[in-house]
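Following the hints, complete the assembly by docking chain Y onto the known chain R.
So the sequences go chain by chain: R and Y.
Heads up, the first sequence is in the working numbering, so the first residue is 1 and it goes up one at a time.
Heads up, the second sequence is in the working numbering, so the first residue is 1 and it goes up one at a time.
Don't read these hints as lab results, they were simulated from the structure.
For glycine and all other residues, C-beta sits at the position ideal for the given N, C-alpha and C.
Just so you know, nobody snuck in bad clues.
Label-pair ranges, simulated between beta-carbon atoms:
hint, chain 1, residue 1, chain 2, residue 2, range
1, R, S56, Y, K79, 54 to 62 angstroms
2, R, A68, Y, G30, 42 to 50 angstroms
3, Y, Y71, R, E22, 57 to 65 angstroms
4, Y, Y92, R, S67, 30 to 38 angstroms
Derived contacts from chain R toward chain Y, CB cut-off under 10 angstroms, selection only:
hint, residue
5, S6
6, I20
7, E34
8, V35
9, N38
10, L86
11, H87
12, N104
13, Y107
14, D115
15, Y117
Under 7 angstroms between C-beta atoms, here's a sample of chain R residues computed to sit facing chain Y:
hint, residue
16, I7
17, L13
18, K24
19, L28
20, Y32
21, L55
22, L58
23, S69
24, I72
25, A79
26, N82
27, T83
28, V105
29, I106
30, G109
31, Y157
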Amino acid sequence: MLLVISILPSISLLSLSYFIMEQKISKLLIRYPEVFNNLTTTDLRDIDAQIDNLLSSLKAKESQLKSASEEIKNYIIEAYKNTYFLHSFLKYTSTNTNSYFLTNVIYDGQRFYVDFYEYGTETQISTSVVYNDLARFYKDVLVSLLEQRNFLGDMKYFHYIWEGRIR
Amino acid sequence: MILIPRKGAMIILFVTLIVSTLGSLLYFSGKTYTYVSKLEQKFMEVRSVSRNIAQLETQLKQLENVRASVYSVQSTFAKDEMTPEQVKEKLYEVLSSGLLITDYIVIKASLSEPIVFKKLSVKYTMIIRGSE
Numbered sequence: 001m002l003l004v005i006s007i008l009p010s011i012s013l014l015s016l017s018y019f020i021m022e023q024k025i026s027k028l029l030i031r032y033p034e035v036f037n038n039l040t041t042t043d044l045r046d047i048d049a050q051i052d053n054l055l056s057s058l059k060a061k062e063s064q065l066k067s068a069s070e071e072i073k074n075y076i077i078e079a080y081k082n083t084y085f086l087h088s089f090l091k092y093t094s095t096n097t098n099s100y101f102l103t104n105v106i107y108d109g110q111r112f113y114v115d116f117y118e119y120g121t122e123t124q125i126s127t128s129v130v131y132n133d134l135a136r137f138y139k140d141v142l143v144s145l146l147e148q149r150n151f152l153g154d155m156k157y158f159h160y161i162w163e164g165r166i167r
Numbered sequence: 001m002i003l004i005p006r007k008g009a010m011i012i013l014f015v016t017l018i019v020s021t022l023g024s025l026l027y028f029s030g031k032t033y034t035y036v037s038k039l040e041q042k043f044m045e046v047r048s049v050s051r052n053i054a055q056l057e058t059q060l061k062q063l064e065n066v067r068a069s070v071y072s073v074q075s076t077f078a079k080d081e082m083t084p085e086q087v088k089e090k091l092y093e094v095l096s097s098g099l100l101i102t103d104y105i106v107i108k109a110s111l112s113e114p115i116v117f118k119k120l121s122v123k124y125t126m127i128i129r130g131s132e
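With the rest of the complex left out, here is chain R (with noise of 0.2 angstroms):
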């Protein structure tokens, strides 16, 4: 009889430590809402399953939303390169004060090719950045200073021609 007794406290501490568990959890949960408000039963002793089904299906819906975003991005990448090589033209002529001839632009759906003349005293137009700019989205870039000669006291005309060919 005393032998039981005496083993009376270690069963009460497993009455006890469940009881603990279960505060530590209920605390938890306060401190996550995303998982309580996903809980379909407060029974605590189904939470680790129901945790799992929860994360499975919230990364099944992750893998989900970024397979859509690569999607729409693959596609509206595609859609920019049909244009892009004319907004880095616009927006490397129209930033400088030098003036610009354009003469001759052709885009066949694969291959582009810009020809124009800048004139100004110096070129205002760095071949390397329009080139890492416009490789970004084409292959087999060319950014090529073709000819520059003066033709008025100290200013100049430089010909440019860009051609690339879409990834």
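Just chain Y, lined up with the frame of chain R:
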């Protein structure tokens, strides 16, 4: 029946009491701690995935808006005798309306000589064809 002295029995009982209490205390606290910390890790994972989902949803909405701005000209735009200003205006109009889907663009000046271009008026031919 084996008889043991009262003192011995008391010692055995006392030792059993201490050992079983300490043992169960250590076992249950360890088990509770492990279980709760594992659960918290899962909660943290749920939080992080939920936040990712919220970000992705916002991003997706923005991308949808951009996709809605993708357009294709219904027919072919073709015009001769355009002034440089008209060409510039048309280009800005086409490029600022959204993302144009096209498979053919031609802009050709009537002159290609660089020096005389300011003395003579330049006319452009512009063709933009939409594609699906």
